[in-house]
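Just need the whole structure built from these sequences, with the hints factored in.
The primary structure of each chain is shown beneath.
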Amino acid sequence: MSEITVFVARNIRTMEPSLPEATAVAVRDGRIVEVGSLKTLQPWLDAYPHTVDRTFEKHVLMPGFIDPHLHPSLAAYLLQCDFITAMEWQLPHKTVAPVRTREAWLTRLKELHDAESEPLLPIFAWGHHRNWHGEIWRDDLNAISRTRPLILIHRSFHETVMNDAALKYFDIDEEKMRNAHQVNIERGHFYEAGNRHVRAQLASYLLSPQRLGPAMKLTTDVIHLGGHTTVGDMAFGLFGAELEWGAYVAAFDNDATPFRVELIPTLSIGGVGANIEQVRKYPERNRHRLRFGKHVKLFTDGAFFSQLMQLGGPGYIDGHDGEWLMTPEQFESNARALWNEGMNIHVHCTGDMGVELALDTLEKLQWERPRFNHRYTIEHFGISTAAQARRIADLGAIVSANPYYVYELSDIYSREGVGFERASQMVRLGSLSRNGVPFALHSDFTMAPARPLQNAWIAVNRINAAGDVLCPNERATLEEAMRAITINAAYVLGLEHEIGSISIGKKADFTVLEADPYDTPVEKLRDIPIWGTIFEGTPFPLGRKQ
Amino acid sequence: MADRPNSIPVITIGGYLGAGKTTMLNALLAGDHGRRISVLVNDFGSISIDEKLILARDGDVVTLVNGCACCSVSGDLGEALDNIARARTPPDYIMVEASGVADPARIAALARSPGLAPRSTVVLADCETVTLRADDKFVGRLVRRQLAGADLVVLNKIDLVGDEQLGAARALVAREAPIADVVEASHGLVAADLLLGAVGTLRPAFACDAPDQDAAATYQSHCWRTTEAVNIPALRDAIAALPATVVRAKGIVMPQGDGPGFEIHRVGERVNVTPLAHARRTAAGAELVFIALAGTLHRNAIDIALNACLCGEVRA
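Chains as they are written, first to last, in this note's numbering: chain R, 603 to 1148; chain G, 15 to 330.
Since the hints were derived computationally from the structure, they do not count as laboratory data.
It is possible that part of the hints are untrue.
[To be verified] Pairwise CB distance ranges (calculated): (1) G/R189 - R/E1023: 43 to 49 Å; (2) R/N1037 - G/D72: 51 to 57 Å; (3) R/E718 - G/N97: 32 to 38 Å; (4) G/D46 - R/E776: 39 to 45 Å.
Don't be surprised by glycine CBs; every beta carbon is placed ideally from N, CA and C.
Quick look at the structure:
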């Protein structure tokens, strides 16, 4: 048994209503011995050898932040790109300022090109969006360089633009591409179905063994930078289960990693994902920082960023339709198989009809075989109705929401496709609160920055990127938002007995803040600097001061 | 679109879950039709091929003694298609089974790729359930959109329903897929040539002897028929010159003597003339059906334009 360490802090926000504030927490062997004050901890200190660590005397401790929906493999892929986007991104190696015109986009790329001394190293630029940056094609990239491969990846990942050098580097046969559907080779443009002609080349480059290691290190830094001590990979196996497991073990299964990853597999759709036998066996692989539980991910409708969510009547303004990712019958039979195994089911739902299918199915399953404490979780929760918020409560379901939709998309969706009533009410956390539904917040990085305090800021303010306040009645309270990135996020992952609050016997995971969120004006919540984290009792300062 | 030389025709098989896609493909794979067809399916689980017919199994591909193959696609469908296009001995046809929630038109778009040529989209509908599905709150729009994207609708399982239900299913298809051909089937049994697009059909509602549509219909049709010899290049030009409101035209032209017959299609403003795969000894002449948006169909104008293509009328 090791010595006790007592961390003394200006304030400790425990997220436990019985003892919401404290000033000292005793830690031994990665777990909390007791929380309170130096005075109340005295019996422990009298009984055991200990040291008092006053490093955080001027800081505020919170339970280690938890993002219950963040895919490290996807992050590793994307973080190798230079972000040139309409929104600000705070990344470990840099803060990327927003770029909102065509000229500024091209100037930024030119700067990156000029700064890179290795003349033939490809540059991948992610984040272009026509609404902000206009049209940028092959010749625009050629004007920056004809010799360095330059690859533009759209914000949605569904489109790619390449310059001459990139087409050559990735061995694209231009003559053949002249007739290809959804390819405009003069513009170097590959989109939707045509994107397949370059996708495999890009993935084999970006996920090659020699690049994957450094990319996972960047991913580790991004997760740490947000102040996380736990993340949930809410669809383990996106790029292949064994490729990911190998990369995760190599990157995360060591004492230098300041967080753990909960792995949530998906049930097979058309050959991708695990079958139920694999789901049962996955926990046999568990490592200290990599754990499978009894949680499984299912999907209903399409992507929110691509307006492929399923909307109920009257549908989209432009008349297009959303997508189902599997038939409602397949969804129901998968959900039933998992329900009857006693599994906890997480359902990706982006539109109100996706939510409706998830809830109709839950109601059937409850009728057939009632379960308490099933933690059936609606993931993302983009568009929903007020009636559904009540029904979620009635059926005992919970929600893990991505509030960043409000920030980045509410302005444009209120004008295009969706309209103001639905766009302003997306991610209706206020309705959940009024119905007593527990909810967590997540980033689904890079659908949102991996910054829990920014997500909490959006949830309590509902200020979008255009600076407008959207539907104040759907705001969360500060307390709810802070619970949503700590104890309720733990609850979503089924780990509320281990993490998510500061209390006796739990893991000694803390996020160390330079200011107290409860004493900070809510409109400044996202600006609170993070000193770093403590993971299972070991401090991990951030590599650089913010 | 005209198939480019050496391009493999791709037929997309769509339809909602339970419509009978797999049953139909099973029958086709085992069939004695003399064509080498590669079928791409979502998973082998549902395909049941008689072991006696299997020549080889190699990972995701099962090769059959009749030259057909069945490939299970677990990753990117577009890549799987491209791989077949690049194969050393490419098949005569590729059939892609779309998932029950896919819009087959989007799948068909994947076949617009070097070495491939989209031929047609076949959508199956289960007579027993299709009318209910078309009103379902979750999939109603999807099922209707699938039908609307079909070139050929297979109204399947007609043996399982009575006249009333069959009538309702026919009416639904007529409403949602007014310009598609329709064939009725049970157990997914449809002639291979029909699925492969080698032989055209004329759906009853648009055949020449069908009664005209009521005034509320979205589309109206007109039939032009002759027993005289027709100048085919002139006919092609005349059909191409018809106004854009003529959304579809199709029919057959038979020459005098022993020459091959031709099938003529106009989809949108593209006209395609292809030799009939099988010599059918029918009398010389032509039979063409024109479909136009309601209220825009000028029957006299069509007749005048086409009558000018009769061999007796064409001036050098």
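Now for the hints, and whether the structure bears them out:
A hinted range of 43 to 49 Å for the beta carbons of G/R189 and R/E1023 is inconsistent with their spacing of about 31 Å. Checked against the hint of 51 to 57 Å, the pair R/N1037 and G/D72 passes, with Cβ atoms roughly 55 Å apart. The beta-carbon spacing between R/E718 and G/N97, approximately 35 Å, falls within the hinted interval of 32 to 38 Å. With their beta carbons about 43 Å apart, G/D46 and R/E776 fall inside the hinted range of 39 to 45 Å.
Taken one by one, the earlier hints fail for this structure only at number 1.
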